[in-house]
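*Asks:* Those sequence lines, one after another, are chains G and R. If you count the first sequence from 1, you need to add 23 to reach the working numbering. If you count the second sequence from 1, you need to add 685 to reach the working numbering.
Simulated from the structure, these hints should not be mistaken for lab results. It is possible that some hints are incorrect.
As the list claims (entries may be wrong) - With a straight-line Cα cutoff of 20 Å, these simulated SDA-like cross-link-like pairs (lysine to any residue) come out:
| hint | chain 1 | residue 1 | chain 2 | residue 2 |
| --- | --- | --- | --- | --- |
| 1 | R | K758 | G | N25 |
| 2 | G | K284 | R | E843 |
| 3 | R | K812 | G | W46 |
| 4 | G | K279 | R | D705 |
| 5 | G | K284 | R | T739 |
| 6 | R | K862 | R | Q712 |
| 7 | R | K903 | R | E715 |
| 8 | G | K284 | R | G724 |
| 9 | G | K43 | R | R814 |
| 10 | G | K43 | R | K812 |
| 11 | G | K279 | R | R893 |
| 12 | G | K279 | R | R756 |
| 13 | R | K741 | G | E274 |
| 14 | G | K154 | G | F57 |
| 15 | G | K154 | G | L144 |
| 16 | R | K750 | G | N25 |
| 17 | G | K43 | R | Y774 |
| 18 | R | K796 | G | W32 |
| 19 | G | K244 | G | N156 |
| 20 | G | K284 | R | N697 |
| 21 | G | K154 | G | I143 |
| 22 | R | K746 | R | R756 |
| 23 | R | K797 | R | N868 |
| 24 | G | K43 | R | A817 |
| 25 | G | K244 | G | P213 |
| 26 | R | K741 | G | K43 |
| 27 | R | K903 | R | G724 |
| 28 | R | K758 | G | S122 |
| 29 | G | K43 | R | G775 |
| 30 | R | K758 | G | L28 |
| 31 | R | K864 | R | N803 |
| 32 | R | K812 | G | V41 |
| 33 | R | K758 | R | F748 |
| 34 | G | K284 | R | F701 |
To be verified - If you anchor each label on the Cβ, the simulated ranges turn out as follows:
| hint | chain 1 | residue 1 | chain 2 | residue 2 | range |
| --- | --- | --- | --- | --- | --- |
| 35 | G | S195 | R | K862 | 46 to 52 Å |
| 36 | R | T744 | G | I169 | 42 to 48 Å |
| 37 | G | S192 | R | K812 | 33 to 39 Å |
| 38 | R | K812 | G | L39 | 14 to 20 Å |
Glycine is no exception: its CB is placed at the ideal position from the N, C-alpha and C atoms.
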Amino acid sequence: MNLSLQRIWGIIYRHLSVYKVNWARMNELIIWPFFELLLWGFISLYVRTISNIGYVVLTLLGALLLWVVFERIQQSISTSFLMELWSRNLLNIFVSPISVTEYMMGLFVVGIMRVGVAGILLWLFTLLLYKVNLLVIGPSLVPLAIALILFGWSLGTIITGIVLRYGQSAESLAWSFAFFLQPFGAVFFPFSVYPEWVQKIIWWIPLPHIFEAMRAVLITKHLPWNQVAWAFGLDAVFLVLAFIFFGAMFEQARSKGYLIKIQD
Amino acid sequence: MNVIEVSNLKKNFGKFTAVDDISFSVQQGEILSFLGPNGAGKTTTISMLLGLLTQKSGTIKIFDKEMPQNRRKILSRVNFSSPYVYMPYGLQVITNLKIFSNLYSVPNSEKKIEELANIFGVTHLLKRRTMALSSGEVARVNLLKAFLNDPEILFLDEPTASLDPEAADTVRNLLLKLKQERNLTLFYTSHNMQEVERLSDRIVFIHRGKIIAEGKPKDVLREHKHNTLEEFFISLARSEEVTKEDAK
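If we strip away everything but chain R, and leave its shape as in the complex, we get:
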């Protein structure tokens, strides 16, 4: 069953076309990595999926409901985490989590926070100020926040960026464990191609606003005659004009 369906999505900023007529879908319980070089249109697309940005044309359906018309209904069933979006850093971690529990109308929030703090190993951090946390600790707290409403889809924007290898591995393992336990759908962006190969069920590769490759990582590599996603990524990023046919 598709939980996300995007059809002919287009977004312009003046004369610049950021997203150019893209279509894709995401199945329930799938990890889909949405890849592309800087400026490819990833952030624009994810922002439209989250209702932060309105499309010029095309449709986005999440849980069979159109975005942005059903923004609030959809957002109550999904969540988002990014190392580039912070929680108020002067406040204690527990206070921030209570604030977001209220915004997501989480019942019995203290119990929920306690349970999730155990899962993410951050119980000892709850009374600390958010500004006093290390990058790895912030990443785990951000993920905890993203699980407060038991999301069915989790949008993750480079969740392991700026983490050391051990912290990144911890985050990946946690995500995989929770994904399996909850049949969670993950919509993932990352520049770490090894991570993408390890985690993804499918990838969608976007370049200059157009989708130029999609499928299972191994199939994409076979089709495009590359050994690793990193190699594929570099070759596409360095090419000038790439279409889906050129990429093959």
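Next comes chain G alone, as it looks inside the complex:
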């Protein structure tokens, strides 16, 4: 595969340029995570007053930080693709020599940049508002965040494939998919809360493994590598499936003409 860094940069530059001319776009990086933080910050302060669990604030806000990483990266990929549809620019891109892989890699990098900004702001807000330093989770945050980024890439790619196939009528998935998944990710509460039959199903997505690992770090101060390994293993499976799915959707779009009609 002959990848061109210049073409990948072209896609990154296209999406970063939006912030130069439209600061309101920063809302997606600042306002949403900020209000989520307010909500979960107050909930965790309240829970601390009615329980004796000392790490409750850190657990909930740590979960929120990691959730934002996943949610933002998935939405970044899907909405970046939608932006090309809204600006009727998609055909201009795909009549250039860019490959689908280069295009998606550009979107992946843009996603990481957006998550970086949102994550840093969230850490700062948490420190300022609740006097909680999420960095005390330590270096364990890194593998957990990477595992979430990989899963966010997978879902973003799958949703983009669905939009390519079903057009703009499927665009609400870009915002709603993560929301639908949240109750099944053991994000803010332990995996053991779920009924057994639900546990058996959601074991096969990376989210519960990652959030269980985060809570384990806070309680035991040790990263459970077996759960991290499960998360990365499942990430690999989801990524492969996502690429196969997107490739199939792209080929179907080229065969059935969706690619030329999708902007209409």
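Position chain R relative to chain G; hints supplied.
*Replies:* Chain R only, in chain G's frame:
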């Protein structure tokens, strides 16, 4: 030398046959106008030539390489412009041109953009947002984008649609000048038959997915006993079933 060779090209959408076994070729340095009423199969054909759509059967060879198997190699040597495909309208013109310079791997892109902006007379527009441009200005900026990679073949889908006569004339003159300077091949679609008569070396007329006439504009008119391409176009568009033989 043929730079485009299309043989027995066919495309179906379910039971509907959009392009029905067409064959044609385009020579280097030629302006070929690909004509037909709405729904004739022009967009489907041009989309297959650009690799946006895959054919059911038949072959497309551009620079002697098969499309879509060699899509990226071919697309790096051609470009496309259409008033119906936009660049991101919230961004400055210069930003959009830099984005496409990267997508086409243009070396020293700032110098290239500056040179082309002079040729197309849009230097004063570079810092403007694309959404703030008039139709004529957008057409020139779109053409500038299409010249970024020094294409050997330019696919133009109704490049003067929605332009006033003066702006359309400017665009036509620019295209003719650049075509002569660069020995450029133009694959052209337009509904402006006067423009087609003026510009084209050859025309291919497609109707209901089939080619029903092709050749030099004057020869086609003589053969089909019409005085103007517009007259010919209207008579074909209004006919129900037309074959190549019927059209004569």
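*Asks:* Regarding the pair K903 of chain R and G724 of chain R, is the alpha-carbon distance no greater than 20 Å?
*Replies:* violated (25 Å)
*Asks:* Taking only the CA atoms, is the gap from K758 of chain R to S122 of chain G under or equal to 20 Å?
*Replies:* holds (11 Å)
*Asks:* Can the suggested window of 46 to 52 Å be confirmed for the beta-carbon pair S195 of chain G and K862 of chain R?
*Replies:* With a Cβ separation near 48 Å, S195 of chain G and K862 of chain R satisfy 46 to 52 Å, so the hint holds.
*Asks:* Would the pair K154 of chain G and I143 of chain G pass a check requiring their Cα atoms to be no farther apart than 20 Å?
*Replies:* Judged against 20 Å, a Cα distance of about 15 Å means the pair holds.
*Asks:* Would the hint linking K244 of chain G and N156 of chain G be met if the CA-CA limit is 20 Å?
*Replies:* Cα-Cα ~16 Å, so holds.
*Asks:* Hint check: K244 of chain G vs P213 of chain G, CA-CA at most 20 Å. Holds or violated?
*Replies:* Cα-Cα ~17 Å, so holds.
*Asks:* Please work out if K746 of chain R and R756 of chain R have their alpha carbons no farther apart than 20 Å.
*Replies:* The hint holds at about 10 Å.
*Asks:* For T744 of chain R and I169 of chain G, compare the CB-CB distance with the range 42 to 48 Å and indicate the outcome.
*Replies:* Taking Cβ atoms as reference, T744 of chain R and I169 of chain G lie about 46 Å apart, which means the hint holds.
*Asks:* For the pair supplied as a hint, K154 of chain G and L144 of chain G, is the alpha-carbon distance within the 20 Å limit?
*Replies:* Roughly 14 Å between the alpha carbons, so the hint for K154 of chain G and L144 of chain G holds.
*Asks:* Decide if the proposed pair is consistent with the structure: K284 of chain G and G724 of chain R, CA atoms, cutoff 20 Å inclusive.
*Replies:* Holds: K284 of chain G and G724 of chain R sit about 14 Å apart, inside 20 Å.
*Asks:* For the pair we were handed, K43 of chain G and R814 of chain R, check the Cα-Cα distance against 20 Å.
*Replies:* OK: K43 of chain G and R814 of chain R at ~12 Å, within 20 Å.
*Asks:* Does the Cβ distance between K812 of chain R and L39 of chain G fall inside 14 to 20 Å?
*Replies:* holds (18 Å)
Of the numbered hints listed earlier, those contradicted by the structure are 26, 27.
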